[in-house]
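A.B. asks: Respectively, the protein sequence lines represent chains A and B. Quick note on numbering: this note's numbering labels position 160 of the first sequence as 160, and the sequence is numbered without any gaps. Quick note on numbering: this note's numbering labels position 62 of the second sequence as 232, and the sequence is numbered without any gaps.
It should be emphasised that the hints constitute simulated quantities derived from the structure, not laboratory data. This structure is a prediction, so every number in the text was calculated from the model and none was measured. The beta carbon of each residue, even a glycine, is placed where N, CA and C say it ideally should be. Be a bit skeptical, because a hint or two may be false.
Stated by the list, open to error - Cross-link-like lysine-lysine pairs, in silico, DSS-like; alpha carbons within 30 Å at most:
no., chain 1, residue 1, chain 2, residue 2
1, A, LYS101, B, LYS274
2, B, LYS325, B, LYS300
3, B, LYS239, A, LYS57
4, B, LYS325, A, LYS135
5, B, LYS239, A, LYS87
6, A, LYS101, B, LYS363
7, A, LYS38, B, LYS250
8, B, LYS274, B, LYS251
9, A, LYS57, B, LYS250
10, B, LYS218, B, LYS363
Stated by the list, open to error - The following residues of chain A were derived to be distant from chain B, with all beta-carbon distances above 10 Å:
no., residue
11, LEU17
12, ILE20
13, SER42
14, ARG50
15, THR53
16, PRO62
17, ALA85
18, LYS105
19, VAL113
20, PRO117
21, ILE127
22, SER139
23, LEU145
24, ASP157
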Amino acid sequence: MMEKRAQIKIQEMAFVLVAIFIFFGIIFLIFSRMQYAKIAKSAEEVREERTITLLRKITTMPEFSCSKSYSGKDFLCIDKNKIEAFKSEKYNNKEFVEIYKKIFKNILKIEIVKIYPIPQRSQEKEILFDNTQGKNYNSLGTYVLLCEDSQSGYKCDISMMLIAFENVQE
Amino acid sequence: MAREIKRKKKIRAQMPVFGWIFALIIGAVILFFAIFFIIKYSGQESYKTSTELAQKIDVILNPFSSLGKGTTVADTIDTKKSILFLDCSTDGEFGYSVLKALAKLGIGKEEISSENKIYNKYIFGNENLKGKILIFSRSIEIPFRIDDAVMLSEKKFCFVNAPKKISEEISQLNIDEIKNVSSKDDCDKNSVKVCFDNNNCDINVKCENPNDEECNYGYVRKQKKFYFFTDTLMYASIFSSYDIYNCNVKRIMKRLQLVNVIFQNKAQHLGCVDNNVLTKLSQLSSYSSEVINGNLKNNYQYLYETIQALENANKWSTCQLF
Numbered sequence: 001m002m003e004k005r006a007q008i009k010i011q012e013m014a015f016v017l018v019a020i021f022i023f024f025g026i027i028f029l030i031f032s033r034m035q036y037a038k039i040a041k042s043a044e045e046v047r048e049e050r051t052i053t054l055l056r057k058i059t060t061m062p063e064f065s066c067s068k069s070y071s072g073k074d075f076l077c078i079d080k081n082k083i084e085a086f087k088s089e090k091y092n093n094k095e096f097v098e099i100y101k102k103i104f105k106n107i108l109k110i111e112i113v114k115i116y117p118i119p120q121r122s123q124e125k126e127i128l129f130d131n132t133q134g135k136n137y138n139s140l141g142t143y144v145l146l147c148e149d150s151q152s153g154y155k156c157d158i159s160m161m162l163i164a165f166e167n168v169q170e
Numbered sequence: 171m172a173r174e175i176k177r178k179k180k181i182r183a184q185m186p187v188f189g190w191i192f193a194l195i196i197g198a199v200i201l202f203f204a205i206f207f208i209i210k211y212s213g214q215e216s217y218k219t220s221t222e223l224a225q226k227i228d229v230i231l232n233p234f235s236s237l238g239k240g241t242t243v244a245d246t247i248d249t250k251k252s253i254l255f256l257d258c259s260t261d262g263e264f265g266y267s268v269l270k271a272l273a274k275l276g277i278g279k280e281e282i283s284s285e286n287k288i289y290n291k292y293i294f295g296n297e298n299l300k301g302k303i304l305i306f307s308r309s310i311e312i313p314f315r316i317d318d319a320v321m322l323s324e325k326k327f328c329f330v331n332a333p334k335k336i337s338e339e340i341s342q343l344n345i346d347e348i349k350n351v352s353s354k355d356d357c358d359k360n361s362v363k364v365c366f367d368n369n370n371c372d373i374n375v376k377c378e379n380p381n382d383e384e385c386n387y388g389y390v391r392k393q394k395k396f397y398f399f400t401d402t403l404m405y406a407s408i409f410s411s412y413d414i415y416n417c418n419v420k421r422i423m424k425r426l427q428l429v430n431v432i433f434q435n436k437a438q439h440l441g442c443v444d445n446n447v448l449t450k451l452s453q454l455s456s457y458s459s460e461v462i463n464g465n466l467k468n469n470y471q472y473l474y475e476t477i478q479a480l481e482n483a484n485k486w487s488t489c490q491l492f
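Build out the structure end to end from the sequences listed, making use of the hints.
C.D. replies: Listed below in structure tokens is the structure:
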């Protein structure tokens, strides 16, 4: 009888200990999950802020920004001739894209969509950079002038530059 | 019977003692794990906060590195007790600046953040920065804008007898951290004295261009080292450590070569046949290669002259590339 009671006591103790460890394990899992969600949210906020500040930076990059010769039109102005040059170098030189991926960091896509004059085709756009394959992303945009130099002078269209950044949260 | 009762009493006496010991041991184990996880967590929290700080400083610096042509900007940030660690590398096509941070939480273990490699900025400064930090930014035009030099410093500067255009530029910024004076005696005691006509200051600038109103190229002598510069790099050489300055100069030259390719392609697309501009672009690319190989000392004057020649050639060309 005594032996049975002693065994039951020991078993109770063992079950209580197992239950405590399972309980702490569940607490730890919930806590880890909350921490992960907090970090993911923080990372997404930083990416969004970075993308907003990069909108201006990309328009002032010498690879895309309008030349001095466009007299005064260098504020958020993109040179279409430079875009053509950039794209042709991109197609001829695969390393070129890899190099610029590092400059663009967490940016997945840069495209410029013509808004005014109203485009004749459904959407006239220039895609500078596209690394969105299989990724979830959000886009932010700003209005820019897309200017082109030609023999008859230069002309500018109002466009929207869209930058896509990866969505961190699931 | 009496024996049985005595034995039962003995067992009853032993059981509670064993129970207490067992509870104490388990309690100690649980307490140990709790303290272990708290220490681990505080270290991770510090690492997370430091990494966030480094990322946010990167974001804060974005507006300072997208100024546009011919612009100078200055402002300050206060990191309180947190420390920023700056470095630079020329690896790869662009090289990168490295920014790390150590956020001072006041409690628990402190961990430095992971390396934040910044490919799209040229950050000049000393290796460690703390407290109120001056952010001074100026576009680098050689002769077309390459990017902006972002200069960080925790010290105050006193420019003594600077050329006219530099004095005007500094005065327009209107910040306490950079003062413009005509005599060394007018400087604050704890400020770094930058002299343009004297060799007895903390930093001595020697301008080698013929124009007395500007300082287009020359060298800076600081802590027995020579920093050769053209244009905006004069400011960078004043604010930066030797290694970070030279590293970023090489990075700028690498970027110059890539932008050169874009301009040459643009010339082809536009059907430009002005060989003068294209020749000067090639020369500039060639001098930039020399600088990348560490020959700035022998080439800074030629670099400046080629920049001027290219700017003139483009200005008078029927097909202006920039």
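A.B. asks: Taking the earlier hints as the rules, which of them does this structure contradict?
C.D. replies: 1, 4, 6, 10, 11, 12, 13, 14, 15, 16, 17 and 18
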